[in-house]
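Produce the entire structure from the sequences given, and follow the hints as far as they go.
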Amino acid sequence: MSSRDKILNTIKGNQPAQRPLPPLPGEAGYGEPAAPAPEPTAGTPSTDGPHEPGTAAAATPGTPAPTASATPAESTSSAAEPIAAASTPSANTPAAPAPDPASDPAASTPSADTPTASAAPDPDAPESAPAPDPASDPDALVQKFITVLEAIGGTAYIVSGLSRIVSLLHEEYPDARRIISGVPGLESLGESGQRYPDPHTLENVDVAVLSAHFGVAENGACWITEERMIERALPFIAQNLVLVIRRNDIVADMHEAYSRIEETEAANGAYGFATFIAGPSKTADIEQSLVLGAHGPKSMTVFLLDEEMFDAGFF
Amino acid sequence: MSTNSHDHAALAADFNKDEPRVDWHDQTLWWIRQKRDKAAHTVPDWEALRNTASRIKENVLSNLSEYLQSFEAAAIANGVTVHWAADAAEHNAIVLSILRKHQVDRMVKSKSMLTEECHLNEFLHEQGIEVIDTDLGERVVQLAGEPPSHIVLPCIHKKKEEIGEIFHEHLGTPAGNADPQFLTHAARLHLREKFLTRRAALTGVNFAIAETGEFVVCTNEGNADMGAHLADVHIACMGIEKLIPQRRHLGVFLRLLTRSATGQPITTYSSHFKKPRTGQEMHIVLVDNGRSVHLGRPDFRNSLKCIRCAACFNTCPVYRRSGGHSYHTAVAGPIGSILSPNLDMKKYADLPFASTLCGSCSNVCPVKIDIHEQLYKWRQVIVQEGYAAVGKKVAMKGMNWVLSHPSVYHTAGKAGRWLMGKVPFTVNNGLNAWYRQRDMPAPPKESFGEWYKKNKKS
Amino acid sequence: MRVALFIPCYVDQFYPQVGIATLELLEKLGCTVFYPPNQTCCGQPMANSGFEHLTKDCNRLFTENFLGYDYIVGPSGSCVLHIKEHLHLDKLEGYAAASAAAEVRSRVYELTEFLTDILKVETLEASFPHKVGLHQSCHGQRGLKLSQMTEVVGPAFSKPVKLLKMVKGIELIDLARQDECCGFGGTFCVAEEAVSVKMGKDRVADHLHHGAEFITGADMSCLMHMEGILHRQKSGVQVRHIAEILNSRL
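Chains as they are written, first to last, in the numbering used here: chain A, 143 to 457; chain B, 2 to 459; chain C, 8 to 257.
Take the hints with a grain of salt, since some may be wrong.
[Claimed, not checked] Here are the in silico distance ranges between beta carbons for each label pair:
#  : chain 1 : residue 1 : chain 2 : residue 2 : range
1  : C       : E129      : A       : K154      : 29 to 35 angstroms
2  : C       : N45       : B       : P21       : 31 to 37 angstroms
3  : C       : T39       : B       : Q247      : 33 to 39 angstroms
4  : C       : D64       : A       : P175      : 54 to 60 angstroms
5  : B       : Y388      : C       : N45       : 31 to 37 angstroms
6  : A       : G171      : C       : E100      : 21 to 27 angstroms
7  : C       : D64       : B       : A74       : 33 to 39 angstroms
8  : A       : D281      : B       : D345      : 55 to 61 angstroms
9  : A       : D340      : B       : R101      : 21 to 27 angstroms
10 : B       : I77       : A       : P175      : 51 to 57 angstroms
[Unchecked claim] Rough simulated footprint, nothing fancy, chain A against chain B, three-plus residues with beta-carbon under 8 angstroms:
#  : stretch
11 : 297 to 304
12 : 400 to 409
Hint data in this document are derived by calculation from the structure and do not stem from the laboratory.
For clarity, every value in this text was computed on a predicted model and none was experimentally measured.
Cβ coordinates follow ideal geometry from the N, Cα and C atoms, glycine included.
Okay, here's the thing in structure tokens:
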């Protein structure tokens, strides 16, 4: 018998009775605990008797205050607040230094266009606390996307037109020798319209400028499929990555993101490869010190293109 | 990977000889635990999300054979070659055969705990094939000749000065330079050369989608993508439990995974591999290695829900103070302590006891594995299967006899000796281990029972 | 209300004053308290070591001793949790025995949850004018859910804190890690001596750093472990079971 059949047979003999899929966020019954398993398991503590440990107590908390008083989690109201400062017990505690853009010429911030969140990026700071209501306030989604992206080491600009992107990129990367653009209307930036059958030739690309499908407010990620990458390797091998999305193409969370992906696939066909990209390549493997530019891009810039000005072609 | 079956307590005692280092290790990991808390508290429906993830995985375990076949069919339709490996040896042989077919003797590899479990690197090395681990932390421990001590942060036990020395020795960086920024940049240059010259890349798999045949790999560094997109051959190795039913379920898991792991909202890259790129070969190796048997243990099968976020490592007060190597297994920490006995009960009989059963692990687990309850249950199984020391058995029987005979218990207590020598929790080890760094309370004049008899009539 | 007092074996032998405080407190609050004299141990030390199969005799004894009361109350989260989760008598010993064990399981309470949930205590005549650090024992907190846990996203609550706040003059200190395990862990305390002691030292240091004069908690076993470390360090800081503070005189 092949290993395949052997494995499948063993699984068939051992897998438990059918359990249904739960509802996802937004669906009725989401978050409710599963019904008890259909088959009793040997050795499982019985929960008979009027008082089941834990449950009754958990259901009647003494004082339903919103948060525990001394948990580190309490100070989540300010997204930009560095965690290290909030919770450093001693000099021994590893601190994650906020990346200093000035120390890395390639990552230095372009002169301000539309103002975005002003806080210094702290790549490890979590996103800001309560998610804005996407239905009621699309601007809040954009603002949240920008705040989170900057918190994870990226940079975002709201721009009024493609020409603004060109001038910002020229300011940002004056010494760039090789720029590849896959964005219609931004051909003038450098190489465009070419294919690269050998991806190794992309090794010296300074800036890759690509159009992504949408951004995700809760985590600052942008979704991009293969046909918008020119080559699969490009968004990863380039020294700096620039993504362009429509200002209105920000979804609230990953659940909306996957709904959007299904819609895109239905319209444009299936992808062979696609990825979420959230910020520059990074590592904290050495004593938890955060360093941007591990293997891939040292910077990630997202341009949010205002709708009225937006060029029909590709989007 | 260490193959000697040391005992966790002894290895942990060794680790504790350098107390400032234990403090440093503990505080580093506690800091990550705090980041996890902060990230979790930004998601108002966090607990509902965990519950949903747990239930999706329950559904997966109850349909695993169907999902595997559906995944296989979809992957083949996508142009991917699918292999099945019953155990570590077969997995290693499959990888070797793919490399041989392409006459490749040098390969880059991104993080895959499965290949650690299978000891792939050692095997390929013996076959004359060079494997370069490209995750920075993994590269550090690889150069140091050590196994990873943590599944997400492989070199969390290493100080930057030690890493500086390793890089000085192997990569030629200046002696004494221990700046993380500098060292990371040196590794970037060193590994870029590897990415550009290796024709085969192996990656792990975080999630595989039964419906579409695609798989998702999550990294912060981008090393999986650098490897895979530059290589002629991409081999992805996964345990059979990595499946999820549909792509939309990724919404749940990707929200939980990195917040639980490091407190980030998501990894930098969450790459969805579906079809090989033009001219490339893509292989998926589905590995069992004990998982299908584990599925048949009702008390323990839930541990197959694990998505390898390591939140249970970071929160575990024992892990933080004993270090990953004290678990002498590829997957350390609380989850490793319930997964490893399934692989080798004798070798890992000590691990379920390397816990105070405090329960913090179960609380942080994004898929709600009842980790501390399984630790308790493994203890019962290990004793029943005869892996407890004989002396311990005799002592336990003796204690049981005393404790189930009130008159004996009271006489023993009155004599003031029995309990002093054999307080129930010190049975077998005696009091030496207690007294080494702690005192016992002074024995009172009378027990509560004696006081009650004198002062109250019942 | 007929309440049976469940005094864990090590409290009986080493900390009779905790048993006395628990008894007096319950009587003060109007309970009729009985102490079944033949009680010994809940069997947890054996069960946690993997010898649950040997605890049948302990379970039978416990069930015999504690059947027939309205409530069973013990000053130990850990022992109470063990009874709630693991006091089982096989149906082979008779249906009556099995259901008697279930009956006992359903009526056993840890002291502080009994005070807040059953007696619904709102005021206490107690005074303890000291700086006190509360140690959350894991089995009480995470097992019996005596208070919210830092890992969990949910509303804050704490039954022990609610009670301690009724004590006059008490000043509860904050801790850097409010619910980290002390490392006692039953047989863990000797089987993994190095880690156990290190955990205990770290817990104690957190209390000392924040100025505690006393460390309290709902589990004497954790406190015994920390007391052993404090004593060895020649610290003046003392441990007090929460029953002793709640029962302290004005």
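Against the structure, the hints:
1. Under the hint 29 to 35 angstroms, the C-beta atoms of E129/C and K154/A, about 58 angstroms apart, miss the expected range.
2. The beta-carbon spacing between N45/C and P21/B, approximately 50 angstroms, falls outside the hinted interval of 31 to 37 angstroms.
3. Against the hinted window of 33 to 39 angstroms, the Cβ-Cβ separation of T39/C and Q247/B comes to about 60 angstroms, which falls outside the hint.
4. A C-beta distance of roughly 36 angstroms is found between D64/C and P175/A, which places it outside the suggested range of 54 to 60 angstroms.
5. Taken as a hint, the range 31 to 37 angstroms holds for the pair Y388/B and N45/C, whose Cβ atoms sit roughly 35 angstroms apart.
6. For the pair G171/A and E100/C, the supplied restraint of 21 to 27 angstroms is violated, since their beta-carbon distance comes to about 41 angstroms.
7. Checked against the given bound of 33 to 39 angstroms, the beta carbons of D64/C and A74/B, roughly 57 angstroms apart, lie outside it.
8. Checked against the given bound of 55 to 61 angstroms, the beta carbons of D281/A and D345/B, roughly 57 angstroms apart, stay inside it.
9. The hinted range of 21 to 27 angstroms is satisfied by D340/A and R101/B, whose Cβ atoms lie roughly 24 angstroms apart.
10. Our hint of 51 to 57 angstroms for I77/B and P175/A is violated, since their Cβ atoms are close to 37 angstroms apart.
11. A stretch counts as covered by a chain when three or more of its residues have a beta carbon under 8 angstroms from one of that chain; for the stretch 297 to 304 of chain B and chain A the count is 4, and the coverage holds.
12. Beta-carbon proximity to chain A at under 8 angstroms applies to 0 residues in the stretch 400 to 409 of chain B; the threshold of 3 is not reached and the given coverage is violated.
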